[in-house]
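Line by line, the protein sequences are chains S, Z, F, U, C and Y. Quick note, the first sequence lines up with residues 1 to 142 if you use the working numbering. Quick note, the second sequence lines up with residues 1 to 142 if you use the working numbering. Quick note, the third sequence lines up with residues 1 to 142 if you use the working numbering. Quick note, the fourth sequence lines up with residues 1 to 142 if you use the working numbering. Quick note, the fifth sequence lines up with residues 1 to 142 if you use the working numbering. Quick note, the sixth sequence lines up with residues 1 to 142 if you use the working numbering.
Warning: the hint list may mix true and false statements.
As the list makes no split between identical chains, a pair holds if one copy fits it or if it spans any two.
Straight-line distance between alpha carbons at most 30 Å, and here's what the computed DSSO-like set of lysine-lysine pairs gives [claimed, not checked]: (1) K72 <-> K117; (2) K11 <-> K68; (3) K11 <-> K117; (4) K68 <-> K117; (5) K71 <-> K36; (6) K36 <-> K117; (7) K117 <-> K97; (8) K11 <-> K97; (9) K54 <-> K27; (10) K72 <-> K36.
Calculated from the structure, these hints are not laboratory results.
Protein chains: 6
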Amino acid sequence: MNQGLLYITRKEHFNAAHKLYNPSWTKEENDAVFGKCANEHWHGHNFDLYVTVKGHPNPDTGFVIDLKVLKKIIQEHVVDVLDHRNINLDVPFMHGKMASIENLAIGIWNQIEPHLKDCSLHCIKLWETRNNYVEYFGPQPT
Amino acid sequence: MNQGLLYITRKEHFNAAHKLYNPSWTKEENDAVFGKCANEHWHGHNFDLYVTVKGHPNPDTGFVIDLKVLKKIIQEHVVDVLDHRNINLDVPFMHGKMASIENLAIGIWNQIEPHLKDCSLHCIKLWETRNNYVEYFGPQPT
Amino acid sequence: MNQGLLYITRKEHFNAAHKLYNPSWTKEENDAVFGKCANEHWHGHNFDLYVTVKGHPNPDTGFVIDLKVLKKIIQEHVVDVLDHRNINLDVPFMHGKMASIENLAIGIWNQIEPHLKDCSLHCIKLWETRNNYVEYFGPQPT
Amino acid sequence: MNQGLLYITRKEHFNAAHKLYNPSWTKEENDAVFGKCANEHWHGHNFDLYVTVKGHPNPDTGFVIDLKVLKKIIQEHVVDVLDHRNINLDVPFMHGKMASIENLAIGIWNQIEPHLKDCSLHCIKLWETRNNYVEYFGPQPT
Amino acid sequence: MNQGLLYITRKEHFNAAHKLYNPSWTKEENDAVFGKCANEHWHGHNFDLYVTVKGHPNPDTGFVIDLKVLKKIIQEHVVDVLDHRNINLDVPFMHGKMASIENLAIGIWNQIEPHLKDCSLHCIKLWETRNNYVEYFGPQPT
Amino acid sequence: MNQGLLYITRKEHFNAAHKLYNPSWTKEENDAVFGKCANEHWHGHNFDLYVTVKGHPNPDTGFVIDLKVLKKIIQEHVVDVLDHRNINLDVPFMHGKMASIENLAIGIWNQIEPHLKDCSLHCIKLWETRNNYVEYFGPQPT
Chain S
1 MNQGLLYITR
11 KEHFNAAHKL
21 YNPSWTKEEN
31 DAVFGKCANE
41 HWHGHNFDLY
51 VTVKGHPNPD
61 TGFVIDLKVL
71 KKIIQEHVVD
81 VLDHRNINLD
91 VPFMHGKMAS
101 IENLAIGIWN
111 QIEPHLKDCS
121 LHCIKLWETR
131 NNYVEYFGPQ
141 PT
Chain Z
1 MNQGLLYITR
11 KEHFNAAHKL
21 YNPSWTKEEN
31 DAVFGKCANE
41 HWHGHNFDLY
51 VTVKGHPNPD
61 TGFVIDLKVL
71 KKIIQEHVVD
81 VLDHRNINLD
91 VPFMHGKMAS
101 IENLAIGIWN
111 QIEPHLKDCS
121 LHCIKLWETR
131 NNYVEYFGPQ
141 PT
Chain F
1 MNQGLLYITR
11 KEHFNAAHKL
21 YNPSWTKEEN
31 DAVFGKCANE
41 HWHGHNFDLY
51 VTVKGHPNPD
61 TGFVIDLKVL
71 KKIIQEHVVD
81 VLDHRNINLD
91 VPFMHGKMAS
101 IENLAIGIWN
111 QIEPHLKDCS
121 LHCIKLWETR
131 NNYVEYFGPQ
141 PT
Chain U
1 MNQGLLYITR
11 KEHFNAAHKL
21 YNPSWTKEEN
31 DAVFGKCANE
41 HWHGHNFDLY
51 VTVKGHPNPD
61 TGFVIDLKVL
71 KKIIQEHVVD
81 VLDHRNINLD
91 VPFMHGKMAS
101 IENLAIGIWN
111 QIEPHLKDCS
121 LHCIKLWETR
131 NNYVEYFGPQ
141 PT
Chain C
1 MNQGLLYITR
11 KEHFNAAHKL
21 YNPSWTKEEN
31 DAVFGKCANE
41 HWHGHNFDLY
51 VTVKGHPNPD
61 TGFVIDLKVL
71 KKIIQEHVVD
81 VLDHRNINLD
91 VPFMHGKMAS
101 IENLAIGIWN
111 QIEPHLKDCS
121 LHCIKLWETR
131 NNYVEYFGPQ
141 PT
Chain Y
1 MNQGLLYITR
11 KEHFNAAHKL
21 YNPSWTKEEN
31 DAVFGKCANE
41 HWHGHNFDLY
51 VTVKGHPNPD
61 TGFVIDLKVL
71 KKIIQEHVVD
81 VLDHRNINLD
91 VPFMHGKMAS
101 IENLAIGIWN
111 QIEPHLKDCS
121 LHCIKLWETR
131 NNYVEYFGPQ
141 PT
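Next comes chain S alone, as it looks inside the complex (with noise of 0.2 Å):
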């Protein structure tokens, strides 16, 4: 048998404001589906950002990837973009989409996949509270 992957895991954090709020609909449907969480004047959240990659360790450094370049791809590429900031408003990768966290797990895995090498992206695990989190293990073969 050989080796099997190993899986390595960061956690980042960020904090951010944003609505839920579909604009093809009217305020009522708004209010009726998405109750508190469309309140015209925002809300927000801590995030906590948990990224999974997967590879064999290299011999010479026992690492699937330095964790200090995960880091700054993570820091560069998602926490820069969404830290101190409105999900609505000021992230690219968000606008036209509902902001909903769901949607936030696919547009972070899109910022980070393109920058790994030598591994591969497995998970993006993302807290919205402390009571509910999404995950997302990236596009499916046709």
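Here the structure of chain S is known, so what remains is to put chains Z, F, U, C and Y in place on it, guided by the hints.
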């Protein structure tokens, strides 16, 4: 490639009493196998429950499932049945079964699964203490 | 010796948006002092609130305060006012004040204190992020 | 100025069952006051216990108290008495008292305090659920 | 359909010292790659270890594995070998390997796997700091 | 009545190695008192540090202290000195002292206190493992 599935998790909790006791065994056999967990006067836990569902986000809402709906299903079919209860005595779906967290997780799966629409139940994760938890991913096709 | 006081704490949470911005300063002055916290499009947090009251246990109940009562006071006078709101725009007791957690903790004290009976408010502890919190123990006698 | 006191805290935990029930009241009165906490079949919790002692570090060891010693005192006089027990039925120091966490914290103080040497007990902090805890700082001089 | 597998996890922890240092490189090369992790005087961590096994619950006990048995295996073959040790110097199964958490997780898998009966090892999850962890799911069939 | 003091806390962390060893004792005496903490090859921890300052909020900012300033003081005078270091060998302010967390907390107080302006240091709280921490409130007037 197509967009992959999104997994969304809601956390709830309940406090309950139980004991581990096999009525077809003697008291000595129960004490030997279950130790202090067999205390006839019961003991209890704060249980943390994570319910994960999977699906594709609805384009109008960005949601795999409205978490208010998922919370209501869990509240009605699990928390109201288990919270501040005795798992051995008060919980219909546990009658005749050992009150282990393994069996409790299977029972919770069966309580929730029939009520989900437009998405599927993926995992029941149940913490019993800060040091142990179980996960159940549902029945397997034969 | 007499039995000392008992201190009992209830934890609640709310999610809100805010910004740190002094309207009597220029935008440049605000950016220089508050940095990314001054983002005009807001940011937000999951706030964790710990409310501590003190007193002697009632001999009939063993309670300093019935936590169901304390929870209801916090819900009505704090969580309903702050959850999924904009602290600068939506919260009457913060009007005209800087939206810092220091001022928010003082405001929460003033919302809760008048509603307690047979025990006294001891401390408001408010976490803004996983890395910082404030505590306020109320006004001091002159 | 002299060096001030050092406060050192050890955390332990135990799981137990209890109910809130005043035997001098009717079942209806108990249900009205204690709600689901009065369930005759018990419920339970994972209790987290923080024991804080204060004193000056010993120059030879740097210790206020050897934590192995403090752990042993807590294990013997508190955890062995409470873990996997029924607080109302199995715990001698709670006989005749309401099984509230307020009374439990006072009882734990009395179990530990006589066994400390060269330092003093400062605080018993007891979490009952993730959302509430009590603190007791001992009897007050008259 | 048949009942699926149950996954049960036990959490343990240990504190250890290590450094990241490749002896076939110069000090300058080590400093360039490993930064402060290469400090010759060592640094250390509180490691959190989650061991997950999978199987079907025994009908008599409701258990996939008796957690007292799993705890004993982890204690004897992992915690006693690693706790309050130097991973580079004191741990036989790490000799000749880079002391990365990737390699440590593989070593822990190999320490535990031979001792399980009637269930299989599923995952070793190892937290090194609050911000990173690895997961290893064992060797892969060729 | 006047407004009381506000207490604001910033949390940081560092990872370090140490051992508990009194050089004026024999190895046997050290082993007897410190047990596995005396391992000559060191062990280590993830230390969590909470620094609490107190004061009155500045009317222009709402701040007792700008947390960016407090973070910088802690980084420069504590984290840069302790992170990924050996407390016994690498940390000037611990030379000649037992490397207990009691002494470490006193040392950290002395590193931070001289750098605060317009507010006072109230408490250094230092977690060594998930199960123990110390608190130091500074020197006492004679």
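**Message:** Checking each numbered hint in turn, tell me which of them this model violates, lowest number first.
**Reply:** none
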